[in-house]
Amino acid sequence: MKDKLFAALKGQQADYIEIRLDESSSSRLVYRGERLEEAGRTASSGGNVRALVRGGWGFVSFNNMQDLAAKVTQAVQHARHVGKEESYFSPVTPVIDRVEASFKKNPVEVPLSRKKELMDEYNRLLLDTPGIQTTSIGYTDVKKKVTLATSEGAYIEQGRIDLNLRLTAIASRDGDVQQVGLSMGSRGDFAAVEGLHDQVRGIARRAVDMLSAPHVKGGTYTVVLDPILAGVFVHEAFGHLSEADHIYENPKLREIMVLGKRFGGKHLNIVDGAAVPGYRGSYKYDDEGTPATKTYLIREGVLNSRLHSRETAARMGEQPTGNARAINYVYPPIVRMTNTYIEPGTTTLEEMLGDIKEGVYACNWYGGTTSLEMFTFSAGEAYMIRHGKIAEMIRPVVLTGNVFTTLHNIDAIGNDLEMNQGGGCGKAGQSPLPVSNGSPHIRIQNCLVGGK
Amino acid sequence: MEEILSIARKSSDSAEVFQLTSTRTPVQFEANRLKQIQTKESVSTALRIMKNGRVGFAQANGPIKAEDIVNMALETCQFGHEANYRFPPQSDYGKVEVFDGAVEHFNIDEMVKTGESIIDAIRSHTPDIVCEGAVACGAATCSIANTSGAQFSFRRSNFSVSMDGMLVRDGDILYVGDILTSCHPVLDYRGLIDEILRQLDLARNNASIRSGTLPVIFTPFGVSAALLSPLISAFNGKTVLDGASPLKDKKGELVFDRKFSLIDDPTIAFQPGSTPCDDEGVPARKNYLVTEGKVVQFYYDLHTAALAGTASTGNGNRNGGLPSPSPHALVIGTGVMSRSDMVKQIREGLIIEQLMGAEQGNILNGDFSGNVLLGYKIENGEISGRVKDTMVHGNVYHLLHEIAGMGNDTRWIAGFVNTPSIYCPAISVSVK
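Protein chains in written order, with my numbering: chain A, 1 to 452; chain B, 453 to 884.
Please keep in mind that the hints were generated in silico from the structure rather than gathered at the bench.
Treat each hint with caution, since some may be false.
Short derived list, chain B residues pointing at chain A, Cβ under 7 Å [what the hints assert, rightly or not]:
1) Gly695
2) Gly773
3) Leu774
What follows is a list of derived Cβ distance ranges for each label pair [as the list claims (entries may be wrong)]:
4) Asp120(A) - Leu706(B): 34 to 44 Å
5) Asp653(B) - Gly429(A): 24 to 34 Å
6) Glu121(A) - Gly695(B): 36 to 46 Å
7) Asn658(B) - Glu85(A): 29 to 39 Å
8) His853(B) - Arg173(A): 17 to 27 Å
9) Asp701(B) - Lys217(A): 29 to 39 Å
10) Ser595(B) - Asp97(A): 37 to 47 Å
11) Gly429(A) - His853(B): 34 to 44 Å
12) Pro541(B) - Lys10(A): 32 to 42 Å
Every residue, glycine too, gets a C-beta built ideally from N, C-alpha and C.
With the hints as extra help, turn the sequences into a complete structure.
Put into structure tokens, the structure is as follows:
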């Protein structure tokens, strides 16, 4: 294969060319209520060629692997059509390496019948809870091998196994419908979705309780986020703005995002890194062959670094960080997060709640999104905080913030970092990309909460 | 396809093969200039079989041996859902035009020129703006064959022009944008430029708004961002069947304002959402979901319809797996009020153009909360400026139960929804 790819790359006039081939197989189980809606398998194979000529990019993706040289030629032609200046592309030492998929309890080798048995158990627990109207369960595992060959002489084969489970309990009464979800994921360990029975019972119970919960009154509150929601918060509130492709060609944003600028208090440290091992966003090389790193986006409250591809790094005169990722062969790599988290501090949850007269404790997630400046993140569950204690349940809330003020308003960071492996990230049509988010409990002053 | 079907036929009771072959050429612009040209070719093949009363399913993206995909489907078949329906026989698929050969090999230089002239027009209005967008053309062939005798294939073309602008002013980021889509080449894009310039003009100054309950106008973009997801979920036959739709027992009842009508219409010529049949070979048809405020119909695929004891409405669509019910193209009935007349009637209120986070709430219930990404304040019958750091909270069923006016400004948003502006008397607004 190696010789075939290098042969196809030969004899072209381009500043850089890569061929990326992608082979994967997945299995999935989907339930709606009592019904197993889908037991399915998918096999995918395809590839792409990306070429850089004088600052312009050409990209060709395909399923049919025949005549790779012609596809390389087409990508180079496209790039030449675009390129009018000089290319910026950070040098990376080309490596030849092979990284096998790491796994503990390999989900691919667990028989479909065992997966179904486990999902049946969870589904039964949910459905047997009085007040639960229906459920939704989606389980997927994917085994993937990606091969990258570049005109610089790099040849990297990387395998990975990813699994993802989302369980939702849906309760209903008098036309009112409420839901609570549980998301789990792992890099190649089926055990991550085993033994969740207590948590599953918990989401069912809370979905039913939520039917009697009132809406919060909209306005600003002191908000405490649990580690799961705080992980979504850090991803939306700061992670996306750290992606250099948003910034590198926008002079005004570059001014605003100048390294050394203060975004939060001294206690705030935000990290992203695929070199942090063992999570869904972990890998050895990104999709441009750059070795993974661990990057401090914010160190002691100050903008320290950002996430780069080889192009954005070269254009900004910074080092590539190994964050160029493509969800599959249909797309070119773009700057993405990997494992993003707030480093733990020293405050306990009790201390954090201690002096709050009236506030909101927001947990779990539905989702989050950002416009870079303003962002929203929605809790899956929420409670009032009254006189330092977590009090009555309220309906789930959507919180919003502004990147230039909200991080300053974090006034307490807990000592209880947890990484959340569920869900996935979407950007430029590439979704859901396996990532992980994490944080300890955090407290945000003066946070805007939507409500009646 | 024939080979897969003939092998599958031997080892199962019935079978269906669905194949989608497509080519797409997006020309992409970043930072106000041409950045990347792509060509994407893809082929995917899905096999659904029924054996011993159960359904098996496998999909291949890319080439696959016929025996392999049949074996994958057979493996899943022992666990699959009950085979309580039959694959539909060949039928009269009617005539819905969705292919224009002029799109297929559209000239790349023309596409580049389109993008560049849009960027020029926007920048001559607002020099500091940074534009990003794409002009894309593509064509797909969709084929279905099953052991009930159906064999059908059609081609669909797609052309889109999209442009977003980002304007940074003193730690203040403004987004504007528009998208045009068609099965024909989009040659007249003046409307897109006008729309973006209109957004820029209205957002020129910031205005502060107070917390409270205020009248609101959702522009067509606002309707699409804020109100659509809960409705798509509530009219889904599967949500109804599971008892999770607030409309489950409301068929025939007046749930919405009489001014509100909603149709899923895949029969409009040369619209990207149109199709002669759904992804399981059931002829597509116009489905009236809401007529003058009354709930008329939900939408179904074959499997869900069989469970619910009804017939498929031709809404079995695929998204990488088995078909499930989803709408093709939603059309909200147009009104008579101009947007400026709506604005004139409001002493203090809000216009919502883009809402962020609305789809992340409990959409089953119709509740939504979101940050007004692009919206304007109305003061004494005039638009006074852009609002920021503002949350709204509403419920689709309350909002659409009492509508003050439907606009006469109907347009397509991304080829998926056709809607006018909707003016509602009250929404909850929270401001920092």
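Quick rundown of the hints versus the structure:
Taking 7 Å as the C-beta cut-off, the interface hint given for Gly695(B) holds, the closest approach to chain A being about 5 Å. Given the 7 Å rule on beta carbons, the hint for Gly773(B) holds: about 6 Å separates it from the nearest Cβ of chain A. For Leu774(B), the suggested interface contact is upheld, since its CB lies about 5 Å from the closest CB of chain A, less than 7 Å. Under the hint 34 to 44 Å, the C-beta atoms of Asp120(A) and Leu706(B), about 42 Å apart, fit the expected range.
Distance hint check for Asp653(B) and Gly429(A): the Cβ-Cβ separation is about 30 Å, which falls inside the suggested range of 24 to 34 Å. Checked against the hint of 36 to 46 Å, the pair Glu121(A) and Gly695(B) fails, with Cβ atoms roughly 23 Å apart. Take Asn658(B) and Glu85(A): their Cβ atoms lie about 36 Å apart, and the range 29 to 39 Å holds. The hinted range of 17 to 27 Å is satisfied by His853(B) and Arg173(A), whose Cβ atoms lie roughly 20 Å apart.
Distance hint check for Asp701(B) and Lys217(A): the Cβ-Cβ separation is about 31 Å, which falls inside the suggested range of 29 to 39 Å. For the hinted restraint 37 to 47 Å between Ser595(B) and Asp97(A), the CB-CB distance of approximately 41 Å keeps it satisfied. Gly429(A) and His853(B) have their C-beta atoms about 35 Å apart, which keeps the hinted 34 to 44 Å range intact. The beta-carbon spacing between Pro541(B) and Lys10(A), approximately 53 Å, falls outside the hinted interval of 32 to 42 Å.
Violation of the numbered hints given earlier is confined to hints 6, 12; the remaining hints are satisfied by the structure.
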